[in-house]
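Top to bottom, those sequences are chains Z and D.
Residue 1 is where the first sequence starts when you use my numbering, and the numbers rise one by one after that.
Residue 1 is where the second sequence starts when you use my numbering, and the numbers rise one by one after that.
Heads up, some of the hints might be wrong.
Stretches of chain Z that chain D covers, calculated by requiring three or more beta carbons in the stretch to come under 8 Å of a beta carbon on chain D [unchecked claim]: (1) 37-50; (2) 289-296.
Now the stretches of chain D that chain Z is said to cover, found in silico as 3 or more residues with beta-carbon under 8 Å [stated by the list, open to error]: (3) 203-212; (4) 245-258.
Chain Z is faced by these chain D residues, among others (derived, beta-carbon under 8 Å) [unchecked claim]: (5) 216; (6) 219; (7) 220; (8) 221; (9) 309.
It is worth saying that the hints were derived from the structure and are not from the lab.
We put the CB at the ideal spot given by N, CA and C, even for glycine.
Each chain, written out:
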Amino acid sequence: MAGYLIDPSRAPVAFGRRAVPQLFEELQQPEADRRLRALASLCDLMHDPERIYQTVNGAGFLEQLKVLFEDEDSSVRTKTCELLHLMTAHSIGRQALLSSSLLPSLSQLVDDSSSSCRRNVHRVLNRLTLLPAGADALLALVPKLMLKLRGEEDEEEEEEEVQVLLLSTLSSCSRLDALPALASDGVSLLGHKLSHRSPNIRREAAAVMMALSVCEDGKLKVCEESLLPVLVDLLHDEDIEVQANAAGVIMYTVIITTGKQQCLDLDVIPILLELVSKKEEEEEEKERKSRKALVMYSLRALTALAEAPDGRRLLLEQLPLLLRRSEAAEEDHDIRRDAQTAVRVINWRP
Amino acid sequence: MAFVSQSQRAPNESYTFASRPRPVENRSKYREPPSEQTHSNYGNIMYDRRVVRGNTYAQLIIPTTAQPDPVEAQRQQESRRRAIARKRAREQFISSTPEALQGRKHIDVQTELYLEELSDVIVATDVECQTDAFLDKPATPLFIPAKSGKDVETQIEEGELFDFDREVQPVLEVLVGKTIEQSLEEVMEEEELACLRAQQRAFEELRNNELAEVLRLQEQERRHSEEKGRRIAQQKEVLKKEKETAEKIAARAYTQQYLSDLLPAVFTSLRSHGYFYDPVEKDIENNFFPWLMAEVNNSLEKRYTARELLDTIIHDVTQKRLKMFKELETQ
């Protein structure tokens, strides 16, 4: 074909099976320009699962990437991280990344000087947590990530994306094991983020908080830091995901007695009842799913609150509402079950 | 004739002169007493005999009359004398030409190396020019600018011309195909990821739900068991207290019974041990009887001493008698 360089930003790709090995050989060239072009072509290729398989199983390709991490040119580093990001879209890519020794050098790059490189590294880490083993491996990184989160005080656009990525990585890791995040004083830090102006950050921060409050210490900390008023405010938020996550945190926190007391003081029962009883007919499927989550969490929170005598008294008055939800008319099986549990707990006599 | 104006110049001061322009007065050569300035006879400058005409580079010529005017000469001499006097007054050393002797006069003479011919006649040369007869103008040659740059030529060979639309089709197909293939892959990838995430999220929600339920039940269990434990402990306390009270009562009854017997027994034993005594009797016992015994002892002692003495005497006597009898025997 007449166009040897149809796209000057990409290196020419060999045919068939030779594509990936040849591009990796091109990566060893001394000029940064050619390496950049080879990386761009590789990024294009990596959308195909077969190529990913070839890369992962080829000899020493991933080790070459490790060398590229320490390259002086920041755009080369950024592109390498983007390549990894595409590779981790697939399970074999994720597993290969875990089994290779790339993770330490990757965690070094979190402190890189170029912001786009940092952003791509966070994307890679985020994708890695889709695999539970990946989240497990990243547990060791959680303190460092918490430090990063604390340091991200600027409120620019790119930094917001990085914050969102960080928070979602943290939430996946904390679901496995909440202790490292709790040890780095995660609850108070996240309490600040809960009042951020961007809904994405609020949603992710509430998700992390929910993961953290699963364990006993987390719940106690949430009560200590008096984050419950903030969470109750978030229940009125416009974004439904934020509401759902906030309801989740409350749901966990009211399990312990202190939480129950504080929530009852804040008079949270009417709000939760309102959330449960709201019924929207025309909704997209995604919204319905989020609403389902919100209703489920609210029902569970009400169930836990009904164990306290004050709560039970209040809820006895509102019993018909819940009965309505627990009827067979409710199409969602889970919600029905939750409502029945709630009714049972309310009617319990010692 | 050029009238050279003498300007009196002081060497240390600068000389300035300014006057309004005025036409030169018409005056005769031989000066008459100066009349008032008249502006009437202006006259045309072109026809003024005082204006120098012709070239001026050969002006320095000796005037034709060698004999100067005596009035002129006198006047000149006077002015010279004044100048000399002034110079002498101001400067120290002045070299000036001494005056001419009588009957002689000074004449300017060229003293340079190369003499110049001074004459009235002005050297003039005639130059004339004449155009040639007109010739036919030849044709102007074609203007060809100088060659610059490289020569490049192109030539369409046999078989090079082609129909673009037909030839471009396969290329275009490949390009579009590859782009679409790439974008389809990316879209599929994104869809897959989105599906994965949605599934994970649904799972997470259910898990959270169940986890909350589990935790709640756990907490409930814990509370109940705590409560139970407390109640049991309370019961135990109560039982223990009861038992203690019963024991105390029993102990009290027994002690009472025991103690009721105790009192007479105690009294009897005390009495038997002699703790209750009659003081007179005791006194008699303690004081009188020892004295009595001691006296009785004394007297008995005396008796015994006496008896012993007697015994000793008897013994001595018998011993002596025995000794005497023995002596008697032996004799």
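Now for the hints, and whether the structure bears them out:
1. Three residues within the 8 Å Cβ limit are the bar, and the stretch 37-50 of chain Z against chain D gives 3, so the coverage statement holds.
2. Here's how the stretch 289-296 of chain Z fares: 4 of its residues keep a CB closer than 8 Å to some CB of chain D, so the rule of at least three is met and the hint holds.
3. Only when three residues or more bring their CB closer than 8 Å to a CB of chain Z does the claim for the stretch 203-212 of chain D stand; here the count is 7, and the claim holds.
4. Here's how the stretch 245-258 of chain D fares: 0 of its residues keep a CB closer than 8 Å to some CB of chain Z, so the rule of at least three is not met and the hint is violated.
5. For residue 216 of chain D, the interface hint holds, since its Cβ comes within 8 Å of a Cβ in chain Z; the closest pair sits about 5 Å apart.
6. Satisfaction of the interface hint for residue 219 of chain D is found here, the shortest Cβ-Cβ separation to chain Z being roughly 5 Å, below the 8 Å cut-off.
7. For residue 220 of chain D, the interface hint holds, the least distance from its beta-carbon to any beta-carbon of chain Z being 6 Å, beneath 8 Å.
8. The criterion of a C-beta within 8 Å of any C-beta in chain Z is not met by residue 221 of chain D, whose closest approach is roughly 12 Å, and the hint is violated.
9. Proximity of residue 309 of chain D to chain Z is violated relative to the hint, the smallest CB-CB distance being about 115 Å (cut-off 8 Å).
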